Amino acid sequence: MNIIIKNKTEKNFARLSEPLYQIENIFQRESYEWYGDWEGRALLAFVCQYLLTGKKIPCMDSMVALLPEKTNKYLYFGKPFDGKIADEQQLSGHSWYLRALIKYAQTFRNDNALKIAESTVEHLYLPLREKYKNYPIKRRAETGGGVSGNACKIQNDWLLSTDIGCAFMPIDGLAHYYAATKDERTAELLKIMIDVFMRIDKAEIKMQTHAALSAARGIIEFFEAGGEEKYLQYAKDIFALYIGHGMTLNYENFNWFGRPDTWTEPCAIVDSMIVTLKLFRLTNDLTYKTLARRIWFNGLQFCQRFNGGAGTNSCVTSENPVLKINSFEAPFCCTMRYAEGLLYAAENNEILAEDNGGEIFRDERGRVFMGDKLLAEDLSGLVDGEHYTAFGKTLVNIPSLTEYPDETAKAIRLKIVID
Numbered sequence: 573m574n575i576i577i578k579n580k581t582e583k584n585f586a587r588l589s590e591p592l593y594q595i596e597n598i599f600q601r602e603s604y605e606w607y608g609d610w611e612g613r614a615l616l617a618f619v620c621q622y623l624l625t626g627k628k629i630p631c632m633d634s635m636v637a638l639l640p641e642k643t644n645k646y647l648y649f650g651k652p653f654d655g656k657i658a659d660e661q662q663l664s665g666h667s668w669y670l671r672a673l674i675k676y677a678q679t680f681r682n683d684n685a686l687k688i689a690e691s692t693v694e695h696l697y698l699p700l701r702e703k704y705k706n707y708p709i710k711r712r713a714e715t716g717g718g719v720s721g722n723a724c725k726i727q728n729d730w731l732l733s734t735d736i737g738c739a740f741m742p743i744d745g746l747a748h749y750y751a752a753t754k755d756e757r758t759a760e761l762l763k764i765m766i767d768v769f770m771r772i773d774k775a776e777i778k779m780q781t782h783a784a785l786s787a788a789r790g791i792i793e794f795f796e797a798g799g800e801e802k803y804l805q806y807a808k809d810i811f812a813l814y815i816g817h818g819m820t821l822n823y824e825n826f827n828w829f830g831r832p833d834t835w836t837e838p839c840a841i842v843d844s845m846i847v848t849l850k851l852f853r854l855t856n857d858l859t860y861k862t863l864a865r866r867i868w869f870n871g872l873q874f875c876q877r878f879n880g881g882a883g884t885n886s887c888v889t890s891e892n893p894v895l896k897i898n899s900f901e902a903p904f905c906c907t908m909r910y911a912e913g914l915l916y917a918a919e920n921n922e923i924l925a926e927d928n929g930g931e932i933f934r935d936e937r938g939r940v941f942m943g944d945k946l947l948a949e950d951l952s953g954l955v956d957g958e959h960y961t962a963f964g965k966t967l968v969n970i971p972s973l974t975e976y977p978d979e980t981a982k983a984i985r986l987k988i989v990i991d
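Residue numbering for the sequence shown follows my numbering, starting at 573 and increasing by one per position.
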């Protein structure tokens, strides 16, 4: 593990060891609309941190032991599905729950965690086979929604969210479940979900990029577990759409396709790095390797804060080329998701290793690079490190905000050069 990943991991571990993520606070109130989301992301982050450091977040094992007391009779969060209205936020949140339970079961050889996952699939997801066939793929594009989405309307017996398309986040959790169990009923459900998902015009309905990228990762997992070749092509197609319509100039994301006036989301940026690393491993296409490096250097490193958490940033476009913090931390999602990003960075260290600079050049969009690292104008005068003179401008690398005290980080302004 290189020194940058090590430092980021230690800070994230410290943040996840604070009271917010301990046993008295880890289980959310019943009124929380994202059933299983916080708990699932937290447990997955804890296991990722264990794999990175060999150390356990204090409440990890206690959390798993308490699940039967904190969940419904089928061992998942929220009300049991009654066969009537499908809640896409409940389904989305439990994708992380499945991911966490499976990773915990595999890491610690814990049969109980796997049984909880089995009950969740049996009673929450498998009854939805016909519902997914009726998902409203032509829904009207929303223009609202916050950093944490909310339920907004009922259509076709679906309770929909402003996190548009989050019903397909569980392609990820279910694909990992299928890979672990080879339950063919789950494979059949996945085929239905993927078929519907691929018929959605994601740009037209302004789908949440996080939902699309998580689904893409699940489709890759399904392909690797024995799925047909078409699933690999599906993942490549989704990622190509994301690059064209969902990625900022510094390799972060628009929170929704076609909405560059919103904010970025480290959860989705982690997903984008994982997807492109997996596509590189599967195809050996060097374009994906370059993208993974650029996402890591210029996107994800600007997302982590001094306290070890992660937050959202501005969407950098040709119309709005200034990179700055949007919200300091999203502790309910991004701080926890950052842990898996760090795990993938460590596991792919040979791909993401620092380069030694090289000749400064401009790409076809006018951006200035040294190797795979973007150079930008420091409008704030606060960025440490080497400064470069090129194309008549004084430029700096996109910094890792982990190293900057809170008030300094909040004041940093970087202009991505595109002229």
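Quick caveat, the hints were computed from the structure, so don't treat them as lab data. Since the structure is predicted, the reported quantities are computational estimates derived from the model, not experimental observations. Don't take every hint at face value.
Claimed, not checked - List time: in silico DSSO-like cross-link candidates among lysine-lysine, alpha-carbon distance up to 27 Å:
| no. | residue 1 | residue 2 |
| --- | --- | --- |
| 1 | K725 | K687 |
| 2 | K627 | K645 |
| 3 | K705 | K725 |
| 4 | K642 | K687 |
| 5 | K710 | K687 |
| 6 | K645 | K583 |
| 7 | K656 | K627 |
| 8 | K763 | K710 |
| 9 | K982 | K896 |
| 10 | K703 | K651 |
| 11 | K578 | K642 |
| 12 | K583 | K627 |
| 13 | K710 | K725 |
| 14 | K642 | K705 |
| 15 | K651 | K627 |
| 16 | K705 | K754 |
| 17 | K628 | K703 |
| 18 | K645 | K578 |
| 19 | K687 | K578 |
| 20 | K656 | K642 |
| 21 | K703 | K687 |
| 22 | K861 | K725 |
| 23 | K987 | K861 |
| 24 | K627 | K725 |
| 25 | K763 | K687 |
| 26 | K656 | K628 |
| 27 | K583 | K965 |
| 28 | K705 | K656 |
| 29 | K725 | K656 |
| 30 | K645 | K808 |
| 31 | K628 | K583 |
| 32 | K578 | K945 |
Claimed, not checked - Estimated spans, in silico, between C-beta atoms of each pair:
| no. | residue 1 | residue 2 | range |
| --- | --- | --- | --- |
| 33 | T862 | Y646 | 18 to 24 Å |
| 34 | R681 | S634 | 26 to 32 Å |
| 35 | D927 | A637 | 44 to 50 Å |
| 36 | A925 | K656 | 49 to 55 Å |
| 37 | G964 | I595 | 55 to 61 Å |
| 38 | E796 | K656 | 44 to 50 Å |
| 39 | T980 | L623 | 58 to 64 Å |
| 40 | R937 | Y960 | 17 to 23 Å |
No residue lacks a Cβ here, since even glycine has one placed at the ideal position from N, Cα and C.
**Request:** May I ask which of the numbered hints given earlier this structure violates, with the numbers listed in increasing order?
**Result:** Failing hints, ascending: 1, 2, 5, 6, 7, 11, 14, 15, 17, 18, 19, 22, 24, 26, 27, 30, 33, 34, 38 and 39.
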